[in-house]
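Chains as they are written, first to last, in numbering that gives the first Met the number 0: chain A, 0 to 167; chain B, 0 to 88; chain C, 0 to 117.
I should point out that these hints are in silico values taken from the structure, not numbers from a laboratory.
This structure is a prediction, so every number in the text was calculated from the model and none was measured.
The C-beta atom is built at its ideal place from N, Cα and C for all residues, glycine as well.
Take these hints with a grain of salt, some might be off.
[Stated by the list, open to error] With a straight-line Cα cutoff of 25 Å, these simulated DSS-like cross-link-like pairs (lysine-lysine) come out: (1) Lys136/A to Lys108/C; (2) Lys100/C to Lys111/C; (3) Lys100/C to Lys136/A; (4) Lys154/A to Lys136/A; (5) Lys108/C to Lys92/A; (6) Lys78/B to Lys79/C; (7) Lys111/C to Lys92/A; (8) Lys79/C to Lys144/A; (9) Lys154/A to Lys100/C; (10) Lys111/C to Lys136/A; (11) Lys78/B to Lys108/C; (12) Lys159/A to Lys62/A; (13) Lys62/A to Lys154/A; (14) Lys92/A to Lys79/C; (15) Lys144/A to Lys115/C; (16) Lys68/A to Lys111/C; (17) Lys154/A to Lys144/A; (18) Lys68/A to Lys115/C; (19) Lys78/B to Lys159/A; (20) Lys108/C to Lys144/A.
[Said to hold, decoys possible] If the Cβ cut is set under 8 Å, some of the chain B residues that face chain C in the computed set are: (21) Ala18; (22) Lys41; (23) Leu63; (24) Tyr65.
[Stated by the list, open to error] Beta-carbon label-pair distances, calculated as ranges: (25) Tyr20/B to Leu82/A: 23 to 33 Å; (26) Ile71/B to Lys136/A: 26 to 36 Å; (27) Glu54/B to Lys136/A: 50 to 60 Å; (28) Val13/B to Val64/C: 18 to 28 Å; (29) Val13/B to Val113/A: 53 to 63 Å; (30) Val16/A to Tyr20/B: 41 to 51 Å; (31) Lys136/A to Val64/C: 44 to 54 Å; (32) Glu54/B to Trp8/A: 41 to 51 Å; (33) Phe86/C to Ile49/B: 14 to 24 Å; (34) Pro71/A to Leu68/B: 23 to 33 Å; (35) Val28/B to Lys115/C: 17 to 27 Å.
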Amino acid sequence: MTNDKGGKWFGFLLTFVVMYLFWILLSGIFDALHLGAGLICCAIVAFISHDLFVKDGGLETGKFFRLLKYIPWELWQIVLANLDVAYRVLHPKMPIDPRVIEFETTLRSDFALVTLANSITLTPGTITIIVDPEIGKFWVHAVAKAPGDALLVDKTMQTKVAEVYNEL
Amino acid sequence: MIQIFLTIGVLIAVTILLALYRAALGPGVFNRTVAVNVIGTKTVVLLVLIGYYFERPLFFDLSLLYALLNFIGTLIFAKYLERGEIWSS
Amino acid sequence: MVELIGIIEGIVTLFLALGIFFMFTGAIGLLRFPDFYTRLHATGKCDTLGEVLIISGLLIYHLFVYSPGAELSVKLVPIKLLFLIAFIFLTNPTGTHALMKAGYTTGVKPWKLGEKRQ
Numbered sequence: 000m001t002n003d004k005g006g007k008w009f010g011f012l013l014t015f016v017v018m019y020l021f022w023i024l025l026s027g028i029f030d031a032l033h034l035g036a037g038l039i040c041c042a043i044v045a046f047i048s049h050d051l052f053v054k055d056g057g058l059e060t061g062k063f064f065r066l067l068k069y070i071p072w073e074l075w076q077i078v079l080a081n082l083d084v085a086y087r088v089l090h091p092k093m094p095i096d097p098r099v100i101e102f103e104t105t106l107r108s109d110f111a112l113v114t115l116a117n118s119i120t121l122t123p124g125t126i127t128i129i130v131d132p133e134i135g136k137f138w139v140h141a142v143a144k145a146p147g148d149a150l151l152v153d154k155t156m157q158t159k160v161a162e163v164y165n166e167l
Numbered sequence: 000m001i002q003i004f005l006t007i008g009v010l011i012a013v014t015i016l017l018a019l020y021r022a023a024l025g026p027g028v029f030n031r032t033v034a035v036n037v038i039g040t041k042t043v044v045l046l047v048l049i050g051y052y053f054e055r056p057l058f059f060d061l062s063l064l065y066a067l068l069n070f071i072g073t074l075i076f077a078k079y080l081e082r083g084e085i086w087s088s
Numbered sequence: 000m001v002e003l004i005g006i007i008e009g010i011v012t013l014f015l016a017l018g019i020f021f022m023f024t025g026a027i028g029l030l031r032f033p034d035f036y037t038r039l040h041a042t043g044k045c046d047t048l049g050e051v052l053i054i055s056g057l058l059i060y061h062l063f064v065y066s067p068g069a070e071l072s073v074k075l076v077p078i079k080l081l082f083l084i085a086f087i088f089l090t091n092p093t094g095t096h097a098l099m100k101a102g103y104t105t106g107v108k109p110w111k112l113g114e115k116r117q
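Input sequences plus hints: build the corresponding full structure.
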């Protein structure tokens, strides 16, 4: 409870600085009218939505760096996914066999569930349908048997995301 | 180089026509929503290309704005199709 | 310096050609696949990557042709394009997931192997 007020001001300041940098980036002009208008608008927006980057009064940097390490692996999976879909579309016989699978994970926080759902949508042959945040259950639509098995049996992606957010 | 941009722009317009075929044909409202989302995505790329072809830097801001509008529009439409109303009272 | 412009043009053409290939694959998948859910597979993945490749090609073109020796508002354009790429990576899958959830909870039937086209 004592940390709450300090956290609110820190969130306000961080949101204001990021938005002001973005304002300068988008306009690129440095005269008094633009900078003054930017100051007023960014202050109003940062006052209304002060918990955009900081939740519960603390900022965790370890999570951020582990997320940066996770992104190149995901980019490689995106390229593989698109080659897989291109093969299935352009093949004369169109080898698809769609099915719906479901599984449970140990992730509970908002950020982790969103990252896992986005990763499942961007990787070969699977799209998330419904996420249940209380028990961590995912319904996933797979386009053939092999991509669905990679998610259900191997569980590589779940372990990687749980490593990033320390919720294994 | 500028001629290559023009060729790529015409090819993107051809893909928009293919998506329009699905928008006209697809049985039911869901297929048509997917086709409209696809057309919106390709419009963003087309705007950036036109910005480089005509050498006017205004079009980059337009493409950023239209990407935002397309996303919000698709989300609101999906919410309406799921629940039958947008704000639950 | 003349050979450098030739190499840069070659790289940009390669990026643009790959991007337009993936976009065509997405559009053909939209026409060929037999069901709403599988069509979302084709467009949700291929459109995102094709767009990112085309915009990356244009970004490289801008860095080498327009940036050297220009004013600040021209030099800041690559950062705007990078922000557009990050935005597309985050929002296209989210829109796909929202549409699929709406379809599933409303009761659109998935297609199994051996049925008629929808």
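Quick rundown of the hints versus the structure:
1. Lys136/A to Lys108/C: Given that 25 Å is the threshold and the Cα spacing comes to 21 Å, the pair holds.
2. Lys100/C to Lys111/C: holds (19 Å)
3. Lys100/C to Lys136/A: Satisfied, since the Cα-Cα distance of roughly 14 Å is no more than 25 Å.
4. Lys154/A to Lys136/A: holds (14 Å)
5. Lys108/C to Lys92/A: holds (23 Å)
6. Lys78/B to Lys79/C: violated (30 Å)
7. Lys111/C to Lys92/A: holds (16 Å)
8. Lys79/C to Lys144/A: violated (40 Å)
9. Lys154/A to Lys100/C: holds (23 Å)
10. Lys111/C to Lys136/A: Holds, at roughly 24 Å.
11. Lys78/B to Lys108/C: Given pair Lys78/B, Lys108/C holds - Cα atoms ~19 Å apart, limit 25 Å.
12. Lys159/A to Lys62/A: Given pair Lys159/A, Lys62/A holds - Cα atoms ~13 Å apart, limit 25 Å.
13. Lys62/A to Lys154/A: Holds, because 21 Å separates the two Cα atoms, which is no more than 25 Å.
14. Lys92/A to Lys79/C: With Cα atoms ~42 Å apart, Lys92/A and Lys79/C exceed 25 Å; violated.
15. Lys144/A to Lys115/C: holds (20 Å)
16. Lys68/A to Lys111/C: Violated, because 38 Å separates the two Cα atoms, which is more than 25 Å.
17. Lys154/A to Lys144/A: Distance of about 15 Å is within 25 Å: holds.
18. Lys68/A to Lys115/C: Status violated; Cα separation ~45 Å.
19. Lys78/B to Lys159/A: violated (31 Å)
20. Lys108/C to Lys144/A: Measuring from Cα to Cα gives roughly 19 Å; hence the hint holds.
21. Ala18: This hint holds: Ala18/B lies near chain C, its Cβ roughly 6 Å from the closest one there, short of 8 Å.
22. Lys41: holds (7 Å)
23. Leu63: For Leu63/B, the interface hint holds, since the closest Cβ of chain C sits about 6 Å away, which is under 8 Å.
24. Tyr65: violated (10 Å)
25. Tyr20/B to Leu82/A: 23 to 33 Å: holds (26 Å)
26. Ile71/B to Lys136/A: 26 to 36 Å: holds (28 Å)
27. Glu54/B to Lys136/A: 50 to 60 Å: holds (52 Å)
28. Val13/B to Val64/C: 18 to 28 Å: holds (27 Å)
29. Val13/B to Val113/A: 53 to 63 Å: violated (35 Å)
30. Val16/A to Tyr20/B: 41 to 51 Å: holds (48 Å)
31. Lys136/A to Val64/C: 44 to 54 Å: holds (51 Å)
32. Glu54/B to Trp8/A: 41 to 51 Å: Taking Cβ atoms as reference, Glu54/B and Trp8/A lie about 46 Å apart, which means the hint holds.
33. Phe86/C to Ile49/B: 14 to 24 Å: holds (19 Å)
34. Pro71/A to Leu68/B: 23 to 33 Å: holds (31 Å)
35. Val28/B to Lys115/C: 17 to 27 Å: Since Val28/B and Lys115/C have Cβ atoms about 20 Å apart, the given range 17 to 27 Å holds.
Figure legend: structure checked against the earlier numbered hints; hints not met, in rising order: 6, 8, 14, 16, 18, 19, 24 and 29.
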